[in-house]
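Colleague: Listed below, chain by chain, are the residues.
4 protein chains.
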Amino acid sequence: MDFSPSPRVEELRERIAAFLDEHVYPVELEALHALDTEVGPGKPYPDILVAIRERAKAEGLWNLFLPDEEHGTGLTNWEYGMLCEAMGRSLVAPMAFNCSAPDTGNIEILVDHGTSEQKDTWLRPLLEGDIRSCFSMTEPETSGSDPTGLRGTAVLDGDEWVIDAHKWFTSGAVGADVAIAMVVTDPDAAPHRRASMILVPTDAEGFNLIRPVSVMGHSGGPGHCEIRYEGCRVPKENLLGERGAGFKIAQDRLGPGRIHHCMRAIGAAERGIELMCKRANTRISFGGPLADKQFIQDFVAKSRIETDGARLMVLNAAWQMDEYGKREARQAISMTKVVAANVVMDVLDRAIQVHGALGVSDDTPLAVMWRSLRMLRLADGPDEVHKMVIAMRELNRWKSEAGAEPAQKPAAVAAGAS
Amino acid sequence: MDFSPSPRVEELRERIAAFLDEHVYPVELEALHALDTEVGPGKPYPDILVAIRERAKAEGLWNLFLPDEEHGTGLTNWEYGMLCEAMGRSLVAPMAFNCSAPDTGNIEILVDHGTSEQKDTWLRPLLEGDIRSCFSMTEPETSGSDPTGLRGTAVLDGDEWVIDAHKWFTSGAVGADVAIAMVVTDPDAAPHRRASMILVPTDAEGFNLIRPVSVMGHSGGPGHCEIRYEGCRVPKENLLGERGAGFKIAQDRLGPGRIHHCMRAIGAAERGIELMCKRANTRISFGGPLADKQFIQDFVAKSRIETDGARLMVLNAAWQMDEYGKREARQAISMTKVVAANVVMDVLDRAIQVHGALGVSDDTPLAVMWRSLRMLRLADGPDEVHKMVIAMRELNRWKSEAGAEPAQKPAAVAAGAS
Amino acid sequence: MDFSPSPRVEELRERIAAFLDEHVYPVELEALHALDTEVGPGKPYPDILVAIRERAKAEGLWNLFLPDEEHGTGLTNWEYGMLCEAMGRSLVAPMAFNCSAPDTGNIEILVDHGTSEQKDTWLRPLLEGDIRSCFSMTEPETSGSDPTGLRGTAVLDGDEWVIDAHKWFTSGAVGADVAIAMVVTDPDAAPHRRASMILVPTDAEGFNLIRPVSVMGHSGGPGHCEIRYEGCRVPKENLLGERGAGFKIAQDRLGPGRIHHCMRAIGAAERGIELMCKRANTRISFGGPLADKQFIQDFVAKSRIETDGARLMVLNAAWQMDEYGKREARQAISMTKVVAANVVMDVLDRAIQVHGALGVSDDTPLAVMWRSLRMLRLADGPDEVHKMVIAMRELNRWKSEAGAEPAQKPAAVAAGAS
Amino acid sequence: MDFSPSPRVEELRERIAAFLDEHVYPVELEALHALDTEVGPGKPYPDILVAIRERAKAEGLWNLFLPDEEHGTGLTNWEYGMLCEAMGRSLVAPMAFNCSAPDTGNIEILVDHGTSEQKDTWLRPLLEGDIRSCFSMTEPETSGSDPTGLRGTAVLDGDEWVIDAHKWFTSGAVGADVAIAMVVTDPDAAPHRRASMILVPTDAEGFNLIRPVSVMGHSGGPGHCEIRYEGCRVPKENLLGERGAGFKIAQDRLGPGRIHHCMRAIGAAERGIELMCKRANTRISFGGPLADKQFIQDFVAKSRIETDGARLMVLNAAWQMDEYGKREARQAISMTKVVAANVVMDVLDRAIQVHGALGVSDDTPLAVMWRSLRMLRLADGPDEVHKMVIAMRELNRWKSEAGAEPAQKPAAVAAGAS
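Residue numbers (our numbering), protein chains in the order written: chain A, 1 to 418; chain B, 1 to 418; chain C, 1 to 418; chain D, 1 to 418.
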């Protein structure tokens, strides 16, 4: 048992922290504003971010998420998890290092499943940071938790897929060059073999970006877009991975993706604690600093405890993915997802409360983090679906007496993990 | 003991509900948008709201909040509380009936403390709904929970007050005709006798509206404004109430104001329950409606229980104000404030969760209610200050043995209330 | 709307409080001990309690629970609710006033359904306080939440019922003269018409008291007993109420019973607050009384808020029973049950925490109240079943648009109550 | 980063689990009963436990807690932590392996601070398991959280210490041969140099065992005893460690002791999950097993998540103690203490709830674990004191900008830990 980071990740983490201090925090709110107003077709990033990204790329703080050693850094999941936390401290930081969703997940599946032509066309410029991409799965009419209900379709017509689908929460579509659409290609196959993934250039005819859905009052920037694919035609070579493998690829994509989201949430919680404490140390009320009031101490202590607990759970899940594979780590990943998404909301809520009126204003990054991260309790599976799945796995362990003493490997720290 | 509404309030409530169904809900999101974009100097309300307001006024659903029988309806606090709940179901509803903060509070203090000239100039057009007003108390540099720290000043120079103050969260300043500024006029008086209230026309020189502070991503409409009073001069007749009575008037204003906020919060929670249930009844997932899942049932049951409990507490506090006066009802009001501000957030959070991605979008009124109402846990005293005060009153009851059996009046239902 | 107690109940409440101060609290722990050790066949109450009971009876503080004016006081449910709260402040108090479960419920159904012979034999001595009774419904093998699963049977053999059943949690069986057993008499009838109630003298052959089940470490006194009815014969005249009406009678019994339990829980919570505050006011730690620490203030404030909220909900449910009947008040009763059973545990837990090591000891009444009252979250329906039922009623309100504006009577304060 | 147990600890854990399955669980309730009734002066353990202990000793499952390689097994804190968890699954298990408090802590300080004569007299028979010991620190009149308030004294009179002190919660005094008393020996020294530890044979004159304090209804067995040291004389050689070093030794004793308590709590929570799940899988209600109800799934999922999170926090704290020392690990230990003590209560509460009436009975080990473990939120520092300390350390990190990037070692997983 060893809780130390490797020297390599320790060094990277320090460099990221220093980069954030120097180049990101000072322009954080400005960059968020630029992102909202400057992004559009042909312009994936606002100028202020382009400059920051060039610097990060030059310093080698780039594409750190890729476990693949050819294209990426070859960090393990737990190693990258630690870096991800650092990047989660600011909503603009992931973009600074070309490590932002949904590009990260899209890049991963292009690395794993893309043809060499697909790699040339989309993977390379994504890795270079020249373009952005989006991921088109969620549909307004069907429950995302139950993917067998998917309705959007693609039909092979000669050499082309003809796509008809109504999607929303296609995040990042504004300013993206390409979408990966998940649609039913084989309606008569077994439920989990019905869908495929298809690459769709955003300038394809029939790719109609209806609107960036206003989410928590915000519709600027890359957006969470509503898209109508209406007789949208793309070459049959745009199929990504095997036909019918859509669910499997989506599932593979989700494992590390959930961990990334969770680690960023831990980082956001850490930022919340930092701001909460700095405010408490300096704000005077009723004759002394807020830091002297036990109500505030209670906030700080709970936030520290919950954040440290959540971090350990996420790192453990990442380590399980590294050691035993994504499938074996499912229980840990689900638990992590529930915990991190809730902890970050509670910590940010307390940080807001400690800031008083300033906390609900947008003069600090707290309010925007709070309302943006609310989505995490729904994205990639709502809390309730994860809890149902966690419970059923646990309950099944105890169905036979044999289950009473599980022989699994990571038993020490994850008695409930398989 | 009797929990029935009076026939009069029952009838008003039904009329308000019908009015909302017919005239408000159908255009609710549109009206919110118009409010954000059309309001400005000389234009207190957008056209869509002007039309709705005219209709409400014509139907006599107007100024219901005023306990004063000359200018208002003469409803008791608990009676108006019930109507306030109904109006809280939509963020635009209070404006429809000329019952929105901060006008309500400003009108009350003008009725109680205004000179007849002040009444002619400001009270009458406010009651008619021709103008809006704002209230300028909170300062960025000082803690609102501890009003003795107030820094803004007004100095009498001949026949004029010269005001210098830095205020923010002056809600509704955009499009308002007049502000009531709370400033220190007597710096050497006892701590609670230092401040006064002064009426300041928003077109007075030196009344500088710096910006509507962006709050939870929102800076449109009437706004929560940052104001700099810089050598701002108004006639000495603009003093509202007695010199040095600022705190007392503010305190009087807060009692009913808190109850109104809380009752509206109950209404917002009821709206959340309605939308949560309707969604649960119709959304299919995993082979059946969400309503059949116990996770959702747990949300519904907790929401119903907490909302009904909070309503009873608010009505009881209102009734105590009616029966025993604002001062005697303080404990009940403080408790009410903590409960209602928290319950509404929890209920809306669950309603969002049940709606999935739709819940965080602005295609329903849930997300905007959730992020707007977050402020209620801070406004009019943060939870923690109220809890401190509640606890100290309770602890003091038990300091002498005499306290063990309090002889107070409303003992039946509020053993801890004095 | 009126939250005042009636003068009559106000006067009774004061007399009960004075009685407790003078005669109960001073011997509370002693009386609990005597109850544990002296009770047995032919000895329903220990001497110390007999003396207290005589005094209470002489003062007319006796059988206050009975709404029936012939045998009881004719108080309404909400009136008695207030008295019940006062009695809930001590675990021995209800016995002092001949108002303890399960006698109260048994007396009520004897009044409503007993033949005149049954009344002579059992009702009269119960009202006089000469005997105790018990209620035999719960079975170890079947779920109490789902009463249609009941297994115990009674078969009419000539002029006698022959009862075979395995019951437990037959509370108060040690020292009781009579049990009311709920058993299946009509196995082929519709599910809710299968059971009946039968009066069984505890000295009947075949009434085998196996053991007082140790509950939370406690098996003394009247006990929560395991009973085996083995070919137990009683005259057919011992049928209580109509044949097949068992469920209906049990349901009727539960309504007021739940309210009584809940009001006593409120009283226990009030006792917890009193002891918590007195301790906090006097215990010195880190240089001052605990009352000065905000951690403790947070405990006190939350306890006061939750207890006052719960009280209002219980009184409202009682008032609804009085005004609209038990059936109409079901939703309010279910909500009340969940709230009160949880609030009292939280408040007592905080009171224990404030007392430190003393709190977990039995040198105060807190620890015994805490572990005894844990059962309330299970008895008369576990929280989860009540929440399920509450949710389904609420969800059904919104199934048709008509439901959106309920026309029910007590709408003001119980929008969700029907 | 590595979450695997070492092969050695993995093997020991499996042997302990097998031992519990075979020898402990089948007689668990019986052994608890024997412990309550058979223990007394000269009889440290009941026969049934003596037999189990002999077997465990023969198998080498003995004194596993001792980091000292001469007397113990030389396991690290995190390694023993894992074993401790296994033992926490049953209240009698720690005794089976001679690993129960307070003997473990007493043995540790005898190893570290005992003279060779003290070791011969007390350490050896404790290690052999021939005697038991107790620890006499807590006083009814002073706050245990604030040890500088200690009142009990020892005065050197010639060759003897004369002890006068009033202690309680001297756990295990019934049947113990020796007590370690913490008393003020140097009243004029600096606050943390005033107290010393003294070994007191329980048959010394003036060692008056007043009573085993009834705790949560339980006063049997080794007890949590009230002791009056009244002119109690022991040889001056009975001073344990240096004079005035009492606080330091107590503090050293607490570090691992807290971890042990917490790991046992994790084990108790795991037992709760096991019983909860087995019950849910087999109990039928409303037409299916409880396991199919989402209310129960919610219990299971939350319990699994919280327990796994707590385990990781405790193991991390243990590992920090191993790597950086007790002092550096303080923050982690405090956090661990709060989390584990609360999680186990919540999990056991849910397990009780799933068992219905059976859950509050003593027919399962749940109810006794629940009421016994309540003390853990108070023992070794109440939650509130730990939270205050955690918060102040965290707040201090942010007082200077330097604090913003802590240079500490275990930064990866415990950003807030120093």
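The set of hints was computed from the structure by calculation and includes no laboratory data. Heads up, a few of these hints could be off.
Identical chains share a label here; the pair holds if one copy fits it or two copies do between them.
In silico DSBU-like pairs for lysine-lysine, Cα to Cα no more than 35 Å straight-line [said to hold, decoys possible]:
id, residue 1, residue 2
1, K278, K399
2, K399, K57
3, K236, K119
4, K43, K278
5, K326, K236
6, K248, K43
7, K248, K57
8, K326, K399
9, K278, K326
10, K399, K248
11, K119, K57
Colleague: Starting from the hint list further up, note which numbers the structure goes against and sort them upward.
Modeller: Number 4 - this is the single hint that the structure violates.
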